[in-house]
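Asks: Sequence:
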Amino acid sequence: MTTPSPDADQPALIDADTPAFRRANVALFIGGFATFALLYATQPLLPELSREFGVGAAWASLAVSAGTGAMAFMLIPASILSDRYGRVRLMKWSLALAAVIALAGAFVTDFTQMIVLRALLGAALAGLPAAAMAYLGEEISPNAQGRAMGLYIGGNALGGMSGRVLGGLLADVGSWRVALAVLGVLGILAAIAFWRALPASSHFRARSVSPRAVCDDARVIFADSHLRWLFACGFLLMGAFFGLYNYAGFRLEAPPYNLAQSAIGAIFLLYLMGSLSSAWAGRLSDRYGRHNVLWAMMVVALVGLATTQFEHLLVVILGIALYTFGYFGAHSTCSGWVGRRAGERRALASALYLSAYYLGSSLVGTFTGLAWDGGGWTGLSLAVGGCLLAALGLALWMRAMTRKS
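Heads up: the sequence shown at position 374 corresponds to 374 in this note's numbering, and the numbers run straight through without jumps.
Simulated from the structure, these hints should not be mistaken for laboratory data. Every clue listed holds true.
The calculated label-pair distances, taken between Cβ atoms and stated as ranges, are:
hint, residue 1, residue 2, range
1, A218, L169, 40 to 50 Å
2, R84, R22, 24 to 34 Å
3, L269, H312, 14 to 24 Å
Glycine is no exception: its CB is placed at the ideal position from the N, C-alpha and C atoms.
Between the sequences and the hints, there should be enough to build the whole structure, so can you do that?
Replies: Laid out in structure tokens, this is it:
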């Protein structure tokens with residue numbers, strides 16, 4: 001079954017349960033997986049990089065933050081390029097270039113080269129998330145967009161988890177160079193699979209990339225109150241999520257848990273909950289509407305946060321799992337809503353959402369660190385819970401406005 005496009009002269013939109021839909025889902029799942037596996041692969045390697053190059057922990061952390069910072073900086077330029085040259089072309093070349101850069105990281109001879117390559121990696125990778133949501137909004141039938149977005153976000157979650165876990169395991173077996181080399185090769189294989197599987201764009205229409213046109217588009221986007229609040233939700237959600245995960249390890253390595261680093265690292269396996277919830281939330285959004293699903297997923301995250309207040313280790317892990325499930329479901333719903341609501345400006349709107357999203361991880365991450373230093377897990381939970389409650393308030397407001405319209 002296919003859905004007619006608004007213009008009778010254009011090909012039909014890709015509907016659910018068709019070969020093209022399955023190809024698009026497989027391709028974007030692979031693309032999202034590879035993007036975040038490559039981006040976060042160095043996180044478990046930081047102690048080894050610090051020893052290898054004789055740098056402190058703060059300087060070593062640039063092996064991660066240089067990539068994420070460059071990605072955040074390049075998201076809006078990448079969205080403008082996708083408006084001019086096409087979603088598919090940008091995504092394919094971004095992933096291919098990033099995989100080659102990732103492989104080159106295994107052969108650096110000093111830490112400055114590592115930082116430069118990680119920054120170039122993040123800049124190259126920006127093209128895929130900047131264009132992916134716009135591609136889904138243009139090519140997928142509206143009644144299947146939630147499902148497709150959920151699977152794409154699920155690939156992101158699984159990739160972020162796998163890059164961290166696999167990088168650490170490969171470093172234990174060999175070295176950090178082995179880890180980066182293997183992940184680089186896997187990235188190249190993923191790029192080849194992505195290149196072959198992704199259906200071509202049928203509904204892309206190039207837009208002007210002049211500064212005036214971009215400013216006009218941004219003005220229209222920010223005039224939409226729903227989009228403004230969705231950007232704010234992304235900021236708050238990502239900040240709260242990183243806040244909890246950044247400092248959960250500090251709690252678990254201290255008494256009464258005294259967990260080893262390998263056991264603490266295994267907490268990232270809970271990202272599997274994110275893959276499940278993203279796909280499930282996408283299906284629910286297609287059936288019941290994003291305005292009904294978004295707030296419910298935030299409530300699940302709040303219940304998970306409350307559960308972590310208990311002392312028993314298994315209960316704490318259960319709470320983090322619920323928190324992760326709710327967060328990824330809410331993020332998937334927000335992402336799909338932005339692409340659906342922004343219309344022909346969806347590439348720029350998606351980039352603005354993701355920029356707010358990554359900015360939240362930086363600013364709120366610092367704020368929650370102060371809360372942890374001042375009040376331990378209770379202080380952290382109050383800060384994270386405040387962000388989630390603010391996001392929930394915005395979600396309920398958007399639900400009320402959607403039901404009135």
